[in-house]
Every structure is written in structure tokens, then in C-alpha cells.
Amino acid sequence: MSDVTADTLRYSDLPPVMATPNYLTHGRTLGSWLTATDHKRIGLLYAFSITIFFFIGSIAIAIDRLDLLTPAADLVSDDTYNKLFTLHGIVMVWFFLIPSIPATFGNFFLPLMIGAKDVAFPRLNLTSWYLFIIGACFTVACIVAGGVDTGWTFYTPYSSQYSHSYVAAAAAGVFITGFSSILTGLNFIATTHMLRAPGMSWFRLPLFVWSMYTTSAVMILATPVLAITLFLMTAERLFDIPIFDPSQGGDPLLFQHLFWFYSHPAVYIMILPAMGLISEVFTCFARRRVFGYAAMVYALTAIAVIGFFVWGHHMFVAGESPFANLVFSFLSFIVAVPSAIKVFNWTATLYRGQITFESPMLYALGFLWLFTVGGLTGLFLATIPIDIHVTDTYFVVAHFHYIMVGGTVSAFFAGLHYWWPKITGRLYHEAWARFAALLMFFGFNLTFFPQFIMGYAGMPRRYHAYAPEFQIFHVLSTAGAAVLGAAYLMPVGYLIWSAFYGDRAGANPWQATGLEWQTDSPPPKDNFRAPPVITAAPYEYHTAEEGPPSHERGLHNVQGTAG
Amino acid sequence: MDLGNLFVEASRGAAEVDTDFLILLLISLLILTLVVTLVLVFAIRYRRGSPAKRGLLPSFMSHEFEIGWTAATAFLFIFIFWWLVAPPRLAGSPQTPALQIQIYAKQWMWKVEHPNGAREINTLHLPLNTPVHLVMTSQDVIHSFYVPAFRVKHDVLPERVSVLDFYPTQTGTFHLFCAEYCGTDHSQMTGDIIVMRPEDYAHWREVQPQSDTLAAEGEALFHSLGCSGCHDPASPVHAPDLRGVYGQSVPLQDGRHVVADDAYIRDCILMPQLNVPAGYPPIMPSFANVVDDSQIERLIAYIRSLRPGQELPK
Amino acid sequence: MTSDALREPWTDLGRQRESSIFAIWLFLGTEVLFFGGMFTSYAAYRFLYPEAFLAAGHETNIYYGSVNTLILLISSFFMAAGDLAARAGLFRFARICFPATAILGMMFLILKGFEYNDDLEKHLFPGPGFPLPEAGAAIFWAFYWVMTFIHAIHLTIGIGAVIRLQLASRHDPDWLKHSAAPEVTALYWHFVDVIWVILFPLFYLAGRS
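Line by line, the protein sequences give chains A, B and C. Each residue of the first sequence is one higher than the last, beginning at 941 in the numbering used here. Each residue of the second sequence is one higher than the last, beginning at 821 in the numbering used here. Each residue of the third sequence is one higher than the last, beginning at 44 in the numbering used here.
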């Protein structure tokens, strides 16, 4: 290697990884995993659980997508179709996207990045995982019993009075999982406040930590509202008491207000962690300080705060007053500003860098494109006259998939590839990883871009049978989904292979500055061999005075050292 | 397949929505092109090992630069809001009185009631160049009345009246979709909006059954079937007075209470012994083989129209 | 210094205590929004049906409600005293206060059970035979049942937490001083109490002003 630096030399001089027990080898029984309070193991427990749910949710929608190849409803029955897309929504939102980055990478890396031994409340952390699993059991039970057909939005009075499916079980699953995410958020906030290593001041926190912090704040403030809303809906359904029931004087829109008061911020629970993660990747592979660190922090905070006041833009055609519509439209435009700042700052971070295109960087660049498209189409939806036309059509479906799948899932894969050597201590096959990244990008666009067009042409969402003129777009979309499915399966193959047969990674294969890279790969059970001391701001990939040199990767300044 | 028809603009205001859309599309494409071009240029120019100049950021890329693009973005977004969202829009023109049509949504059909009493299901005939004012309500869950060609949509809620105004400017047949998920056959809750030239529309109206409204037909049935023989308050037979009963809670002989809604009245006509109201002898005969569904619908409409204490014609 | 109270990943008790207090405040923030969803809905409906809500509020049992309010306020006194005593090292006094708190909490639940029974006998559970004709009255009662029930669940958890204090300090009263558990439990207990203090006027006093 031509670019060996002082740091890598130091770590490659250390004794072989297997000599000291790391967090993986510390205990080898199943019991040692199921009772683990180590944040890294809990992160992996989550990773394992959400991967299962990711594939359950994918299979559900794959069947529906296949059915949509033809305008007629021919593959499955109407009820099955409805139950499958509901399953897809519930599983992907609450059992994959919301826990995806926070509960896996957040759990694994938040303490490492701030130089802590663990999260503030390790047993509470394990409790969160068990709550998640209990919630998951309810959801699986609901699926096995016959499913639920309300859509992930559970709108009343359909959910509370009319649906003949297992609404209560599904709501119970989401309710319990909600407490898992509340407790995780609480743990992260307390950890960030109380356990930063000496020298880790607030404005030295890596942006990923900031994103975890702001996400956690949204989690603990928004999730309880969802919990109580679903509780009220279920109480109405089970005990037949009037809470939302319009025929007994209930307000038909109250549920929607409460639901979106959670579910809009939930979008930010899903995208803020992605933003933080992408900042880590961009700086590392551009060898450049992040452009406008403070602005990035303020943008994260602004999104988290303003995100609480835009829920009404989901209800422009529901019967809100015109004045409320205007206010929510205005605030929706405002909340787009900090997102735009982030996009510009990421772009500017590339300027005068030393860019390489390893797979995490490819995912990050894909993220930038997809998130920008998703964000810009958000402006269309904030514009009331356009929203009136395209809400509840495939335009909206495409928009939020660009944000949540194009954005969050791309970022999840970027993080997975970026941190995989740290988590497992092994290197995956780079060529395969790059191929998967490109395939995912093209598959994604082929799946969802046609949905913008058919959405604007009026194709409503959640339709099993549709008018024949939309078929061409559905065919394209289904073809794209097949590509996307293949691209999602590939990492499962090469990553698992690498975990057993991959080359040893070394402590810091990317020569990154973050504290998590200044310990062994995989890290020891207590994270660091000695308590770390933080001596620098994050992302010092080059000296402030000179910037990176033109030909070689400059000496970077790591955030701190262990001991 | 004619893709050109996908984006047909068939109402006043539709073109305006499309213009807004194109303006935003243009702005978005500019922003996207800017970002993608910068990323591509940087990615190539500053790839590792390239001879391009590195070093410090040039002095113009300072805090002011950042504040500049923040302000520019904020200004652009607020400008879009002020330009495209804030101005009030009028669907109809105030000169001509609007054609008011009742829409009843239920799982999974659209029922239409024209002002002259003509009724349609899953079809709505409209005259060209006439403002239309829909008064919509749902009989069960939330639905949404969506006509893509008109670029209009509004949710239809139970126990609440929603209104929707538009102005068709093109003849033809257009899709009507239910856009709010409403259960099993949500995707079959579709219909046709048929916009006709005024003379065709007048002709269509001619051939519709020139009857009164549902309730008036129900009243005729109420007498011809003999219902009035017992249920008339002046009748010697002890039978419930139906004036104002609709929507009220009715105490039953077995102690239960039921709300006198469509389903209950229907049961009473078909299976009178099932829900005998408290204080009345179970003497009503079943009309199960006497009346059909459409007649029941008319009877219910009549009973619904009765007000407490209303004077009944003989 | 006992090491029983010190847990991973902390290295000193003061910092650990500070974190626990911080975390319980965050949790109470969550709880505020949890109940906030119900209070908001209650407010919306009371705004829609002011008369029906007043009429329905007249049907609640003011005697049970008032006595229960008193019981909870006294229980909060014992909880606070127990917490302060634990921190001051007066373990015997603290270990008298905790059972007193728990017993008062249980008394509340028992009285609430009698009250529920009373309400059921008057058919005040919305459904067939519900005696109030006004639209909206049934909604008032739906909220009465849901909110008092959720409050009772919270109180039950609180009683469990207080009993845990008593049991955990059985062999090692010193634990009470080092652990943040008494203070955390007290904060939670007071929160549940405060929720009742808001529920009481909403359900019992609304129809009687």
C-alpha cells in the first residue's frame, strides 16, 4: 500500500485480533447473545431481526408488484392484495426503517464514536430489543392469523369499525415496538449527554452522533402520540366505545391529525440518521473536512423541530380548513430549506477532495441523487393545487420511496459497507459490492421513476386493478423491482461470505478519523483498551492550513486516541 | 394505447395545475442539474491522484457563501409558495349558477343524485362548460372523489358534507377514482364522468325517468303497499309513528336499543319480528317477497325525509 | 462504598445518579405527549359538544373522585418523604414511607374498582342501554373509561416500583442512598399523581361548576 500512514502502522503492529477476546468472541453461546447488554451485540441482534423483516416486507410487496403487471386483478384476491401492501407498509416502516440505522449502527457506533464504554443504560437497551421482538411477535401472529387490511395508516372508521381483519393484533405490535423506539431514543440522548469522553465537546461530535441525538429527540416526543392514537383506535374497535366513530358524533379527521402528528416526524426519524451517516462517508472518501459543520448541525436540529409542525400537509384534501392548508403548506416549504443546505454542503465537501469510489461512496453518491429527487418532489406536494391532484396517487408513492428507500436504505447500505470491516473485522469483496451498489441504483430508479409519471397521470395508490393505459408504467416498475430485488440479495451473499472467509480488515481500513476506527476491528468488549481522550474536531482529513495535497492522501488527524 | 391522453386537461383550472407543475419541474430540473453537474465535475476533477489544484478552499467559499445559498433557497421556496400556493383559485365562474349534484359514496360504489331526481351509479353525466358543485357524503368509511382529468380530488367523509367545485371544458369520458383506501374492492370503486355538449346533455336528461325524487317515489310506495294504513298517526292500528324516527335510538321489546338507520329499517320491512319496538304488538307482516331492493331504498328515503310532527298528506 | 449500586458503564455514583434523573425526566416528557394525545382529543370534543360534556360530567361520582384525589395527594407526601429520608440516610423512616405509599396507591385502585362497578350498574359504559341521550355524552364517557384506565395502569406500575424499593433495600438499606431509584420512583409517582390532578377536574368537576 502506498498510502500507509503513521496510524495504520501503529495498529498493524498490534498483536493479532484473535489474541485478545473481542466483543464477538467474548462469549459464544446463544444465551450470551440473548442476555447481552453490550451495545455492539444489541446492535447486531437488531441487525439480524430487521433483516428478516426487510425480506418479509419485500416478499409481500414483490407479490403485489407481480400482480400489477396486468391491469386485471389476477394473481391474488383483492383482500390478499390489500393485506400484502398493508403488511409491506407496517413491516417496512416500524420493523425496518425506523429501527434500521438508529438501532443497528446507532447502537453499535454511538458509544464508540463518543469514546464511551457502552450506552448509558445497557439493560434498558436490551429491554428495548425484547420489546421490539414482542411487538414483532404480535405482528407475525397477525400475519399468520390472516393479516390486516387497513393500510399502514390505520385510518378510522375503516380500521375501528369496518375492517374484518386482525387490526388489534397489528396495532398492538406497533404499539409495543413504539416503546422500544422510545427507550432507544431515551438511551441515546442520555448517552450523548452523560458519556462523552474527555475532550468530546458538543461541536466536536461527529455528525452521525448529532443525527442520532436529533432523531432520538423526535422519537421520544412523537412516538408516544402514535402509541396513544393506536390505543384509542383499538379501544374503540374492541369495546365499541365512541372515540373516533363519526356515526356517534366522533370527528372523522381527529385520528388523522393525531396519526400524522407522529407519522410525519417519523419520516424524519427515518431520514435524519441517513443524513448523519452520509456525512461520515462523504468526508472519509473525499478526504475532506465536512463543509459547514455548524450549518450541518443546525440543519439537523431545524429539520427535527420544524418537522413537528408540517403534519397537516398529509390532509390537504381531507377537509382541513383552507387556512390550515396554507399554514401547513408554508411550513412544508420552510422545512425543505435545511434539507437543501445539507445537499449543498455535501456537494461542497467534495470540492478539492481526494475522492475515491469504494462501495460506501457509491451508495452515498446514489443517496445524494435519490434524496435530491425525493426532496424536490416534496416541493410539488407542498404546493396545494398540485397536491390536490397527486395526493393518494403513485406520485406520492414514488416521492416517499425516493426518500425512504432511495435515501434511507441507500444510506443503510453505505453504512453497512463502511462499517462492515469494523463490525466483523473482515473485508468484503469490493468488486461485488460496487456492482451491487450500481445495480441497486439503477433498479431503484427503474422501479420508482415510472411511478412519478403514472401518478401525475392519475393512477391512484393501493389499487389492485387499474385502467389499462397505466400498464406500461407498471411493467417498467415491476421489471425494476426484479432488478432491485436481485441487488438486495447480493450483499447478503458476499457479506456473509466475507464474515467467514474475508481478509482481515485491520483497525482502520479506510484511514478514517472517527474514534470508532481507533480501536481494534472487531472492537474489544469494552470498546477501547484504555479510556480515550479526544483531541480534535471530527473529519480532520487534512490540515486546516493547507488542505489535502494533490497527489497523495495527506496525513490525517484522528479525533482522539485510546489512552 | 394512447399515452397522449394520459394528461388530458378537461376542466378549467387543469391547465393551471399543469403549468404550476411544469414551472416546478423546471426549477427542480435546474437544481438537480446543478447538483449533479457539480458532483460529477468534482468527482472527476478531484478523483484521487488527479493533478487538479487542492489545498485550502478559495476565499469566496466562506460563511457568507453558506449564508448566501441558505438565503437563496429560503427565498426561492417562499417565492414558490407565494406564487403558486397563496393565490386563491376559483373553480367555477360566479355568473352562471352551479349545477348542484349529490354524491353518496359507499363501499364500493358512487351513487349520484341529480337535481331533477335522476340517479346514476358509478356514472356521472355532466354538461360542458357549466360549473358543477358536488355535495358529497359517505355512508360508511372515508372515500375520496378523484377525477384526474379535472385535477380535482376531495375526501368524502361519513357524517360530514364535503363540497367540490369544477368546470368541465372538454367533452368525453373520464375516469372517476376513489383515491382514499376504503377496503376490499377499493380499486373497483371507479366510475365514468361523461361530459356532453349541452344539447346532448339535455337529450340525456330527457330520457331519464322523469320521476320525483327518491323520497317522493317512496311516498307513493308507502301508500300503494299499504304501509300508511297502520303507520299513519291517524290510523286505529297501534303501529309506530315513523315521523322523525330516522337516526333516533329505538328501544326494543327485548331491552336492546338500536339506531333507526338504513339497515334497521330494511330489517323491519323484511323481517319485522326480529326487532320489535318496545310497546308495540308484533303484528307487522313481512314484505320480503313484496318489495325489491330499489323499492326499499325509496321507502327508506321517504322515512328519512319525514320530520317529527310533520303533517302527512292523505 | 457499596459497589452494588454502581452499574456499567459508570465509574462514579454521582454521574450515574445524574443520568438516571435525566432519563426519567426524558421519559416523563414522553409520558406528557402520551397523555397529551388524549387531552387534545378530549379538548377537541369538549369544544364540539360543550353541553353534552357538562351533562355527562354530572354523572360521575364526585365522592369517589374526591376521596381518591385526597388519597393520591397523601401518597405523594409519603413518597416525597421516603425519597428525602432515603437520601438523608434515614432508612428506617424511608422503609415506613414506601409501604405507606404503596398501600395508599392500592386503596386508590380498590376505590376506583368500586367506582367502576357503580358506573357499570348505571350503564355508564357507552353501548346499549347508555342512559344519556345527548350526542357527545357517550364520547365523554369513552374518554372517562380510557383515561382513568390508563392512569390506573400507570399507578399499578408505580406501586410495583415502590414495592421494588422496599424489597431491594431489604438486606442492604444503604443501597437506598447510593441508588437513584428512590428519586426516580418518586418523580414517576408524582407524575402519575399530577395526571390525576388534571383528570379530576376534567371528569368530576366539569359538570358541577
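None of these hints come from the bench; they were simulated from the model. Careful, some of the hints might be misleading.
[To be verified] With a Cα cut of at most 20 Å, we get these calculated EDC-like pairs of lysine to aspartate or glutamate: (1) Lys1057(A) to Asp55(C); (2) Lys1057(A) to Glu1480(A); (3) Lys926(B) to Asp1074(B); (4) Lys926(B) to Asp1466(A); (5) Lys926(B) to Asp1113(B); (6) Lys926(B) to Asp1005(B); (7) Lys1057(A) to Glu102(C); (8) Lys931(B) to Glu886(B); (9) Lys873(B) to Asp1012(B); (10) Lys1057(A) to Glu177(C); (11) Lys931(B) to Asp1061(B); (12) Lys873(B) to Glu1480(A); (13) Lys931(B) to Asp1074(B); (14) Lys165(C) to Asp1113(B); (15) Lys931(B) to Asp1112(B); (16) Lys155(C) to Asp217(C); (17) Lys165(C) to Asp215(C); (18) Lys165(C) to Glu177(C); (19) Lys165(C) to Asp1180(A); (20) Lys1465(A) to Glu51(C); (21) Lys220(C) to Glu61(C); (22) Lys931(B) to Glu979(B); (23) Lys926(B) to Asp1019(A).
[Unchecked claim] Have a look at the derived ranges for each label pair, beta carbon to beta carbon: (24) Gly1129(B) to Phe192(C): 53 to 63 Å; (25) Ile200(C) to Ala1476(A): 44 to 54 Å; (26) Phe120(C) to Gln1068(B): 22 to 32 Å; (27) Leu852(B) to Thr1296(A): 48 to 58 Å; (28) Phe120(C) to Ala1476(A): 49 to 59 Å.
[Stated by the list, open to error] So, partial list: chain A residues that the calculated Cβ filter (under 7 Å) puts toward chain B: (29) Gly1029; (30) His1133; (31) Gly1293; (32) Thr1475; (33) Ala1477.
Using N, Cα and C, we set each Cβ at its ideal position, and we do this for glycine too.
We went through each hint and held it up to the structure:
{"no.": "1", "hint": "Lys1057(A) to Asp55(C)", "in the structure": "holds, 14 Å"}
{"no.": "2", "hint": "Lys1057(A) to Glu1480(A)", "in the structure": "violated, 24 Å"}
{"no.": "3", "hint": "Lys926(B) to Asp1074(B)", "in the structure": "violated, 31 Å"}
{"no.": "4", "hint": "Lys926(B) to Asp1466(A)", "in the structure": "violated, 61 Å"}
{"no.": "5", "hint": "Lys926(B) to Asp1113(B)", "in the structure": "holds, 16 Å"}
{"no.": "6", "hint": "Lys926(B) to Asp1005(B)", "in the structure": "holds, 11 Å"}
{"no.": "7", "hint": "Lys1057(A) to Glu102(C)", "in the structure": "violated, 57 Å"}
{"no.": "8", "hint": "Lys931(B) to Glu886(B)", "in the structure": "violated, 57 Å"}
{"no.": "9", "hint": "Lys873(B) to Asp1012(B)", "in the structure": "violated, 64 Å"}
{"no.": "10", "hint": "Lys1057(A) to Glu177(C)", "in the structure": "violated, 60 Å"}
{"no.": "11", "hint": "Lys931(B) to Asp1061(B)", "in the structure": "violated, 29 Å"}
{"no.": "12", "hint": "Lys873(B) to Glu1480(A)", "in the structure": "holds, 19 Å"}
{"no.": "13", "hint": "Lys931(B) to Asp1074(B)", "in the structure": "violated, 36 Å"}
{"no.": "14", "hint": "Lys165(C) to Asp1113(B)", "in the structure": "violated, 41 Å"}
{"no.": "15", "hint": "Lys931(B) to Asp1112(B)", "in the structure": "holds, 18 Å"}
{"no.": "16", "hint": "Lys155(C) to Asp217(C)", "in the structure": "violated, 36 Å"}
{"no.": "17", "hint": "Lys165(C) to Asp215(C)", "in the structure": "violated, 50 Å"}
{"no.": "18", "hint": "Lys165(C) to Glu177(C)", "in the structure": "holds, 16 Å"}
{"no.": "19", "hint": "Lys165(C) to Asp1180(A)", "in the structure": "holds, 18 Å"}
{"no.": "20", "hint": "Lys1465(A) to Glu51(C)", "in the structure": "holds, 12 Å"}
{"no.": "21", "hint": "Lys220(C) to Glu61(C)", "in the structure": "holds, 14 Å"}
{"no.": "22", "hint": "Lys931(B) to Glu979(B)", "in the structure": "holds, 16 Å"}
{"no.": "23", "hint": "Lys926(B) to Asp1019(A)", "in the structure": "holds, 18 Å"}
{"no.": "24", "hint": "Gly1129(B) to Phe192(C): 53 to 63 Å", "in the structure": "violated, 43 Å"}
{"no.": "25", "hint": "Ile200(C) to Ala1476(A): 44 to 54 Å", "in the structure": "holds, 45 Å"}
{"no.": "26", "hint": "Phe120(C) to Gln1068(B): 22 to 32 Å", "in the structure": "violated, 51 Å"}
{"no.": "27", "hint": "Leu852(B) to Thr1296(A): 48 to 58 Å", "in the structure": "violated, 25 Å"}
{"no.": "28", "hint": "Phe120(C) to Ala1476(A): 49 to 59 Å", "in the structure": "holds, 52 Å"}
{"no.": "29", "hint": "Gly1029", "in the structure": "violated, 11 Å"}
{"no.": "30", "hint": "His1133", "in the structure": "violated, 28 Å"}
{"no.": "31", "hint": "Gly1293", "in the structure": "holds, 5 Å"}
{"no.": "32", "hint": "Thr1475", "in the structure": "violated, 22 Å"}
{"no.": "33", "hint": "Ala1477", "in the structure": "violated, 16 Å"}
Of the hints listed earlier, those the structure fails to meet are numbers 2, 3, 4, 7, 8, 9, 10, 11, 13, 14, 16, 17, 24, 26, 27, 29, 30, 32 and 33, in rising order.
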